[in-house]
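2 protein chains.
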Amino acid sequence: MTVDVLIFSIVGGDLSVLLIRRSSPPHQKMFAVPGVFVQMDESLDEAASRAISTKGGLSRIYLEQLYSFGRPDRDSRGRVVSVSYFALVPEDKITRDEGGEHVVRWFPVMKLPKLAFDHNQIVEMGIGRLRSKLAYSSIAVGLMPKSFSLSELQRTYELILGETIDKRNFRKKITSLDLLQETGREVGKRRRPAVLYSFKKDKPVFFD
Amino acid sequence: MTVDVLIFSIVGGDLSVLLIRRSSPPHQKMFAVPGVFVQMDESLDEAASRAISTKGGLSRIYLEQLYSFGRPDRDSRGRVVSVSYFALVPEDKITRDEGGEHVVRWFPVMKLPKLAFDHNQIVEMGIGRLRSKLAYSSIAVGLMPKSFSLSELQRTYELILGETIDKRNFRKKITSLDLLQETGREVGKRRRPAVLYSFKKDKPVFFD
DNA sequence: ACAAAAGTGTTTCCTTTACACCCATGT
DNA sequence: ACATGGGTGTAAAGGAAACACTTTTGT
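Chains as they are written, first to last, in my numbering: chain F, 1 to 208; chain R, 1 to 208.
If you're looking for bench data, these hints aren't it; they were derived computationally from the structure.
Incorrect hints may appear among the rest.
Any copy will do: because identical chains look the same in the list, a pair fits if it lies in one copy or spans two.
As the list claims (entries may be wrong) - Straight-line Cα separation of at most 35 Å, DSBU-like style, residue types lysine-lysine; simulated pairs:
#1 Lys55 to Lys146
#2 Lys167 to Lys146
#3 Lys200 to Lys172
#4 Lys93 to Lys114
Make a model of the complete structure from these sequences and hints.
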């Protein structure tokens with residue numbers, strides 16, 4: 001019984017997922033979604049949090065259960081059921097070269113290698129969930145730093161959806177949701193400084 | 001590792017769920033969601049199908065994974081992770097008095113007793129999922145008999161959502177989706193006979 | 001003829017989309 | 001002064017919601 005966690009972030013302008021190079025068989029040297037075996041005394045959610053923190057001390061992360069995979073032949077070592085989660089991490093919280101020697105790496109989701117086990121399928125499902133929730137929830141919160149401009153938020157939406165959005169319509173929609181509060185203003189940019197916003201604390205990520 | 005399956009149907013004008021009275025501890029005599037232990041050689045989906053068929057030979061049922069529950073204290077016997085599914089069964093496929101001596105019973109979801117384990121929580125989540133998917137999918141298929149009138153379909157929607165729907169708007173929406181084909185006409189009713197429809201085979205239940 | 005449910009269109013409102021120019025700043 | 005992204009409004013189209021009467025059958 002394992003918990004595998006898709007850790008998504010925006011890295012260098014790509015929606016990316018954190019993967020680990022396996023150091024032992026099966027599928028030695030292939031990349032895989034980070035996971036842990038569930039301990040006897042912890043919940044699935046706790047196991048997911050542990051999976052995240054052992055791969056880099058990340059906090060303030062959005063975490064949601066995704067799906068459970070249990071084909072009997074999915075792991076050659078024997079019967080291993082995987083409960084998958086997905087997590088969102090703001091770009092400013094990550095360290096780009098996790099681990100130093102490339103045992104842990106960020107991959108743009110559009111350029112994934114063949115992964116260990118059924119992990120390609122898990123990643124695909126995670127991306128699908130992320131896209132569909134973007135339309136009807138404020139899940140993008142999880143990928144943004146504490147404070148950000150509307151243009152930055154829009155870029156995040158565009159990266160996940162893979163399409164451009166009209167600037168005026170985007171701003172109309174976001175402001176109509178009443179999720180944001182002004183927190184200041186950019187300084188030192190070589191252009192007009194943007195107003196910065198953060199998410200209102202009393203508005204949780206909503207739905208499902 | 002168990003798979004528990006919420007089996008929903010419309011029974012006597014109520015959205016209802018099939019529950020089993022437990023014959024042994026823990027929670028002896030309380031009602032619980034039917035489930036099975038996952039065998040070493042079967043997938044989770046297969047275990048879910050098995051759970052359904054052992055509690056009454058049901059076929060042509062809609063089955064979807066719901067959520068996995070894994071609090072370490074959720075079962076006093078030890079560590080039991082439950083992968084829950086939900087299934088939809090048309091009313092004409094069920095037998096109203098399953099088992100005969102009330103070990104298996106249909107409960108309207110609005111009148112649930114206190115259930116064994118964390119099963120109240122599982123049922124709540126299932127109802128929520130059913131409601132939310134009704135809005136953007138053709139999931140109601142699963143609760144309808146082979147052939148039905150638009151009014152019957154509307155009643156199913158209303159039962160699940162718990163609110164009335166305007167007849168003309170409902171029919172406009174359904175017909176615009178182009179999911180149905182005419183299959184005949186009611187006979188022998190003491191009123192104007194309704195046109196009967198079935199779902200087109202090439203249109204699968206869509207989304208998520 | 002009456003009861004009971006089936007069936008049918010139009011208008012209003014709101015949401016979504018398309019679209020182009022001026023503004024504030026740093027260099 | 002110019003380059004760069006920030007910021008703003010309006011009109012048209014499409015989808016959702018409100019609303020009431022006629023039709024067909026069995027008794």
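Structure-based check of each hint:
With identical chains, the CA atoms of Lys55 and Lys146 are at most 35 Å apart within one copy only, with a shortest distance of 22 Å there and 51 Å across copies. When the C-alpha separation of Lys167 and Lys146 is checked against a cutoff of 35 Å, the pair qualifies only within one copy, where the shortest distance is 22 Å, while the shortest distance between copies is 47 Å. In this assembly of identical chains, Lys200 and Lys172 lie within 35 Å of each other by CA distance solely inside one copy; the values are 17 Å within and 39 Å between copies. Taking identical chains as interchangeable, the C-alpha atoms of Lys93 and Lys114 lie at most 35 Å apart only when both belong to the same chain, with a minimum of 27 Å there against 44 Å between chains.
Checked against the numbered hints listed earlier, the structure breaks none of them; every hint is satisfied.
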